[in-house]
Each structure stands twice: as C-alpha cells, then as structure tokens.
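*Asks:* These protein sequence lines are chains A and B, in that order. Going by the UniProt record's numbering, the first residue of the first sequence is number 1, and it counts up by one from there. Going by the UniProt record's numbering, the first residue of the second sequence is number 1, and it counts up by one from there.
Be careful, since some hints might not be right.
Said to hold, decoys possible - Residues on chain B that point at chain A, a partial pick, calculated with CB under 10 angstroms:
(1) 1
(2) 92
(3) 97
As the list claims (entries may be wrong) - Capping the alpha-carbon separation at 30 angstroms, the derived lysine-lysine pairs in BS3-like fashion look like this:
(4) A:331 x B:145
(5) B:77 x B:171
(6) B:89 x B:77
(7) A:127 x B:77
(8) B:290 x B:171
(9) B:77 x B:145
Hints in this document: simulated from the structure, not taken from any laboratory. Glycine included, every Cβ here is placed at the ideal spot set by N, Cα and C.
Given next are the chains, with one letter for each unit.
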Amino acid sequence: MLNYVLARLLTFIPTFIGVTLVSFSFIRALPGDPILVMAGERGISEERYAELAAQYGYDRPILVQYWDYLTGVLHGDLGVSFVTKRPVWDEFFSLFPATLELSICAMVFAVALGLPAVVIAAVNRGKFFDRALMSTALVGYSMPIFWWALLLIIVFSGNLQWTPVSGRIGLQYYFPDPTGFMLIDSLASGQKGAFSSAVRHLILPTIVLGTIPLAVIARQTRSAMLEVLGEDYIRTARAKGLAPARINGIHALRNALIPVVTVIELSVGTLLAGAILTETIFSWPGIGKWMVDSIFRRDYPVVQGGLLLVAVLVMVVNLIVDMLYGLINPKIRKR
Amino acid sequence: MTLLRLRNLSVEFATASGRFRAVDGIDQDVDEGEILAIVGESGSGKPVSMLAVMGLLPWTATVTADEITFDGQDLLKMEAAARRRLIGKDLAMIFQEPMSSLNPCFTVGWQIREALRIHLGMGRRERQARAVELFEQVGIPDPVKRLSAFPHQLSGGMNQRVMIAMAIACKPKLLIADEPTTALDVTIQAQILDLLTALRDETGMGLVLITHDMGVVAETAERVSVQYAGQKIEEQPVGPLFRTPHHPYTGALLDALPERATDRHLPTIPGVVPGQFDRPAGCLFSPRCKFADATCKAQVPPALGPELGRARCFHPLNTDERVAS
Numbered sequence: 001m002l003n004y005v006l007a008r009l010l011t012f013i014p015t016f017i018g019v020t021l022v023s024f025s026f027i028r029a030l031p032g033d034p035i036l037v038m039a040g041e042r043g044i045s046e047e048r049y050a051e052l053a054a055q056y057g058y059d060r061p062i063l064v065q066y067w068d069y070l071t072g073v074l075h076g077d078l079g080v081s082f083v084t085k086r087p088v089w090d091e092f093f094s095l096f097p098a099t100l101e102l103s104i105c106a107m108v109f110a111v112a113l114g115l116p117a118v119v120i121a122a123v124n125r126g127k128f129f130d131r132a133l134m135s136t137a138l139v140g141y142s143m144p145i146f147w148w149a150l151l152l153i154i155v156f157s158g159n160l161q162w163t164p165v166s167g168r169i170g171l172q173y174y175f176p177d178p179t180g181f182m183l184i185d186s187l188a189s190g191q192k193g194a195f196s197s198a199v200r201h202l203i204l205p206t207i208v209l210g211t212i213p214l215a216v217i218a219r220q221t222r223s224a225m226l227e228v229l230g231e232d233y234i235r236t237a238r239a240k241g242l243a244p245a246r247i248n249g250i251h252a253l254r255n256a257l258i259p260v261v262t263v264i265e266l267s268v269g270t271l272l273a274g275a276i277l278t279e280t281i282f283s284w285p286g287i288g289k290w291m292v293d294s295i296f297r298r299d300y301p302v303v304q305g306g307l308l309l310v311a312v313l314v315m316v317v318n319l320i321v322d323m324l325y326g327l328i329n330p331k332i333r334k335r
Numbered sequence: 001m002t003l004l005r006l007r008n009l010s011v012e013f014a015t016a017s018g019r020f021r022a023v024d025g026i027d028q029d030v031d032e033g034e035i036l037a038i039v040g041e042s043g044s045g046k047p048v049s050m051l052a053v054m055g056l057l058p059w060t061a062t063v064t065a066d067e068i069t070f071d072g073q074d075l076l077k078m079e080a081a082a083r084r085r086l087i088g089k090d091l092a093m094i095f096q097e098p099m100s101s102l103n104p105c106f107t108v109g110w111q112i113r114e115a116l117r118i119h120l121g122m123g124r125r126e127r128q129a130r131a132v133e134l135f136e137q138v139g140i141p142d143p144v145k146r147l148s149a150f151p152h153q154l155s156g157g158m159n160q161r162v163m164i165a166m167a168i169a170c171k172p173k174l175l176i177a178d179e180p181t182t183a184l185d186v187t188i189q190a191q192i193l194d195l196l197t198a199l200r201d202e203t204g205m206g207l208v209l210i211t212h213d214m215g216v217v218a219e220t221a222e223r224v225s226v227q228y229a230g231q232k233i234e235e236q237p238v239g240p241l242f243r244t245p246h247h248p249y250t251g252a253l254l255d256a257l258p259e260r261a262t263d264r265h266l267p268t269i270p271g272v273v274p275g276q277f278d279r280p281a282g283c284l285f286s287p288r289c290k291f292a293d294a295t296c297k298a299q300v301p302p303a304l305g306p307e308l309g310r311a312r313c314f315h316p317l318n319t320d321e322r323v324a325s
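Between the sequences and the hints, there should be enough to build the whole structure, so can you do that?
*Replies:* See the structure below:
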C-alpha cells in the first residue's frame with residue numbers, strides 16, 4: 001500500500017510541471033495586457049508602463065519568466081494578486097472553504113438522493129418508477145444549469161419566499177469564521193437563527209450544483225445495479241432466504257458502488273475547481289467566482305496559482321478515491 | 001417418508017419470441033435421506049424444476065403445479081416471507097460455479113455468519129464458533145484464517161466447500177446440488193462428491209444431485225430421474241437403470257459413456273435437444289431416436305408402469321428384465 005502511494009506520488013511530478021506550464025502559458029495566450037487592465041480606462045504613460053513591466057518582470061524573455069515562476073512555486077511562493085495585493089496562497093485558502101462546503105453538500109445531496117432511488121428503480125426495472133426516474137435523470141443531465149438555477153430562484157426565492165436569493169448567510173449575522181465553513185461557524189457563534197440562515201442559503205446552490213452529479217449517478221448506478229442483479233451471487237443470496245431489501249441494499253449495492261465512486265471522483269474535479277455558474281448566480285464567494293473574476297482582470301499570479309492549487313487538489317482527491325476502490329471491492333485491493 | 005413432492009410441475013418462460021416451456025408436467029418425489037440424481041443433456045431443463053421449488057426463478061418465469069409440498073408444507077400457498085424462512089434453512093442449494101456464486105465484496109466468513117444470524121439468530125461468538133465448526137466439517141484446513149478470506153483468494157474447490165458449508169449451516173433437510181462438480185478439476189470432483197455423500201450419511205438430509213455426468217450418477221446416486229426437453233422420461237434406482245434402461249434416450253446416454261464403448265468411435269446421439277421452435281408433435285425424443293416410427297412422431301407417449309421405470313415411450317427397451325439381467 002505504501003509503495004503504491006509513493007509510486008502514485010512520483011507520477012505527480014510530471015503532472016505538476018505540466019500544470020505549471022499550461023497555467024503559465026494559458027493566461028499569456030489570452031489577448032490583453034495586465035498592466036493596461038490595471039491602469040484602467042484613463043490609460044498609462046509609456047514611461048510608467050515600462051517601469052511597471054520591469055517591476056513585475058514582464059520585460060524579460062518568456063522562458064526566464066517561467067523559470068522565475070517555477071522556482072517561486074517550488075519555494076511555496078505563488079505570487080501576489082495584482083488587484084488585492086494579497087498573496088495568492090492566502091486568497092485561495094480564505095475562499096476555498098466556501099467552495100468545499102458547497103461541493104460537499106452537493107455531493108451528499110446527489111448520493112443520498114440518488115443511491116436509494118436507483119436501487120428501487122433497478123429492482124423494479126421497466127416499471128413506472130424506473131421509467132420516471134430515468135426520464136427525470138435525462139432531463140436533469142441535459143438541462144442548462146443557469147436556467148435551472150434561475151427557475152428555482154424565481155419559484156422558491158421569488159414566489160414562495162422560502163429561500164434567500166444569494167450569499168452565504170443573512171446580513172444581520174456577524175461572527176468570526178475560524179473554519180471558513182459557514183455551517184460550523186454559525187453553530188459555533190451561538191447566535192440565534194444564524195445556523196438556519198446558513199442552511200437556507202445553502203439549499204438552492206446545493207440543489208443546482210448537485211443536479212448533474214445526481215443525474216449521472218442515477219444513470220450509471222442503474223446499469224451497474226442491473227448487471228449485478230443478474231450475477232450468480234445474487235442468486236446465492238436469494239437461496240439463503242434473505243429479504244429483498246437486504247439483497248438489493250447490501251449484497252448488490254456494494255458491488256455496484258464502483259461506478260458510483262468513479263462518478264464521484266470525476267465530479268469532485270469539476271466541483272473543486274469551483275462551480276463557476278452556480279457560484280456566480282448565487283454570489284457564492286468561492287474559488288470558481290474568484291478565478292473567473294481574475295481571468296477578466298488578467299490577474300496573472302491568481303490565475304496561475306489558482307489553477308495549480310486546484311490541479312493539485314484534484315490529484316490528491318483522485319489518489320484518495322483510488323484507495324477507496326480497494327475498500328469497496330477487495331478484488332482490486334492493493335497489497 | 002417423502003420430503004419433497006412435486007405433481008404436474010410446469011415452468012414457462014416469457015421470451016421475446018413467445019412462451020417457452022422449460023419444464024413440462026414433471027412429477028417427482030424426494031425421500032428423506034436419499035440421494036436422487038436428475039440427469040439429462042444441456043437444455044433439458046434439469047435445474048429449472050428445483051429452482052422453482054427454491055423460488056429462485058427470474059420474474060419472466062411462470063410456475064404452475066398441482067402440488068409442491070416440502071416437509072408437509074404447501075409451498076404453493078405459502079407467503080413470500082414464510083417461504084424465505086424455509087429457504088436457506090431447511091431447503092438449501094449449491095450451484096455450478098463456486099467462484100461466481102460467492103459475493104466478491106464480503107469475506108466467506110461474513111457470508112456464512114449472515115445465514116446463521118438471519119435464520120438461527122445466533123450471537124456473534126456463537127456464529128464464529130459454528131462457522132469454524134462448519135469449515136472443519138467440510139474439510140477446509142486452517143478454518144479461522146480461511147474465514148477472513150475473500151472468495152477470490154480461495155481456489156474453486158475451496159469455494160465449493162465454502163458454498164457447501166453455507167448451505168448446510170442451518171442443518172437443512174434437503175440439499176439441492178446443481179452440477180456441483182462441473183466447474184472443478186477432476187481430482188477435486190471426487191472429493192466434493194465424497195463430501196456430499198458423507199454429509200448426507202452424517203445428517204440424514206435428502207440430496208438432489210443435478211448433473212449431466214453419468215459417471216457422477218453411478219458413483220453417488222441411489223435413484224435416478226432422467227429428463228429430456230423438460231419432461232421426466234424415466235426413473236429407476238441407479239443399479240437397474242444402468243443395467244436395464246427402458247427409455248431409448250437413457251439407453252443412448254449410457255451407450256455414449258466412454259467406459260462402455262466397444263468401437264473405436266464413441267457412439268453419440270445425433271441432433272440436439274429440441275428448443276422453443278422445433279418441438280415435435282409426438283414423442284419429444286422421436287427425431288433423434290433410432291426406434292421411432294409413425295406413431296412416435298404423431299402421438300405423445302404415456303408414462304409406463306413402475307416396472308418399466310415410468311418410461312414415456314411406445315417402444316421401451318429391455319421389457320423382459322430376465323433377458324437383460
């Protein structure tokens with residue numbers, strides 16, 4: 001197991017260098033000049049431009065710039081944002097908990113709703129519930145996410161006034177946020193109503209962000225369940241006189257979980273990179289919104305650093321998920 | 001005493017191209033403590049009648065019968081939950097493919113202890129002790145260690161022993177073994193058959209052995225029921241069946257045994273078991289039978305008397321037993 005983890009960590013090195021290269025060249029390939037964007041509409045004098053370019057090192061050859069960036073990264077220095085003048089590292093980790101909280105909630109929503117529904121659908125294959133669930137999943141999968149979000153806002157925030165439109169918590173609440181997770185911090189603050197406000201702010205973004213993973217889980221798990229239900233060991237379980245709920249929920253589902261974990265693994269990448277649309281629509285102060293804003297501002301250090309951190313996170317999560325496979329299915333357990 | 005009693009049992013499958021009758025009006029008795037072999041070629045529907053008894057057929061199957069009684073209880077009228085209390089406890093079954101019949105995600109010990117917990121409500125320590133005892137009974141060395149193994153870590157023969165241990169865990173009255181040795185090496189086959197016979201002697205359970213291997217039948221069985229295309233065509237105790245088969249199909253099966261071959265070429269039965277679309281009108285075996293005449297092709301033969309092994313045939317073999325023996 002340790003050898004396996006070490007081997008996997010070794011493969012991180014080329015991926016890591018590749019990501020630095022891509023993030024470095026990607027932002028420079030975009031038209032636009034960070035110094036001109038910083039100067040704003042009034043423009044900038046030639047002397048001042050040269051001065052700033054020299055200060056940020058943009059007057060030097062591109063390869064030297066990359067080398068500076070790479071050595072900086074290896075020393076743990078991701079640079080300082082042009083706009084806020086704060087280190088990228090600090091900005092990332094002050095915003096990341098918001099994204100993580102939303103991602104976790106969305107995944108929990110998708111799994112908690114998806115798995116039981118799919119087990120019932122697979123067992124009652126071809127019947128009304130199965131067909132209804134699969135059509136709903138197809139709609140959920142193909143629906144534009146921004147339209148779905150707006151629809152929910154109109155109904156639940158506008159007409160029914162059940163949920164707030166945007167943000168993470170009501171403006172009347174103010175408390176320190178040691179963890180950055182609003183659910184935990186609001187509970188810890190002890191302020192009356194703070195926690196329920198945080199929950200209500202989470203509901204719509206969670207549903208919107210969890211819809212596509214939910215639809216994918218539903219479709220993937222159903223086919224996996226159908227396959228497993230035809231296996232010999234399910235017949236054995238029936239021959240033991242077990243109740244259908246136990247056969248489907250334990251004997252079959254455990255074997256069908258592998259594709260579910262794969263779906264989760266794939267979703268985690270997109271979720272952690274920040275659900276750009278969802279965060280923008282609900283003004284959710286997370287990584288996705290931060291990255292999009294930085295791209296528009298040509299904030300080179302933020303885009304480079306943000307991409308890199310997200311990539312590393314995705315790599316780590318994938319490693320963890322690969323180890324989870326072994327826990328679920330002993331046949332692929334690494335020894 | 002009769003343990004299992006089937007009367008006029010039929011099983012039909014709904015297929016995309018219409019209904020297919022896999023079991024066609026079978027009568028079958030299994031007595032306490034006896035070893036009954038059900039033999040026939042592939043496609044004869046051998047395991048289907050027993051799967052119907054176990055309630056393990058897929059939803060596409062329709063089971064009809066005048067009577068299915070097990071140990072005095074009417075399985076036809078029984079509620080699903082009550083039947084589940086019976087199945088896996090008094091009525092157990094093992095299958096052809098031990099490797100795929102065990103759940104790959106759980107240790108073999110877990111799978112055995114599960115049966116003990118569900119049916120007998122044993123406590124944790126009691127279950128473990130009984131599981132060890134069962135592994136010793138079926139001849140698995142180092143039982144404590146093996147209990148925590150996963151199926152893929154054990155050989156096919158070991159897995160079949162695990163299946164047997166699981167099946168006899170609750171001391172069943174009847175064990176149905178569907179081709180228990182077909183997927184195993186020849187050397188292991190004999191061990192498994194010896195184990196099943198020994199367990200029968202020890203516990204007095206009835207044993208139904210479904211097989212296509214006449215060698216297995218000769219070694220193990222006491223009574224033999226020959227099935228062809230979903231019908232029972234002959235039934236005799238094992239000795240008389242091998243000496244004086246009455247149905248031409250049984251005779252042809254025995255002639256095809258390598259041990260009995262007199263020629264350089266092994267005799268075979270031409271053709272295959274009729275399927276869904278080529279079911280003959282009269283005797284089902286008539287297209288392949290060398291004795292068949294116009295009557296056989298037109299009329300369904302009735303079952304003959306017990307002295308002729310209840311053979312379904314117009315032209316039974318060895319009608320004069322004295323000549324044959």
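*Asks:* Enumerate the violated hints, using their earlier numbering and listing them in ascending order.
*Replies:* 1, 8 and 9
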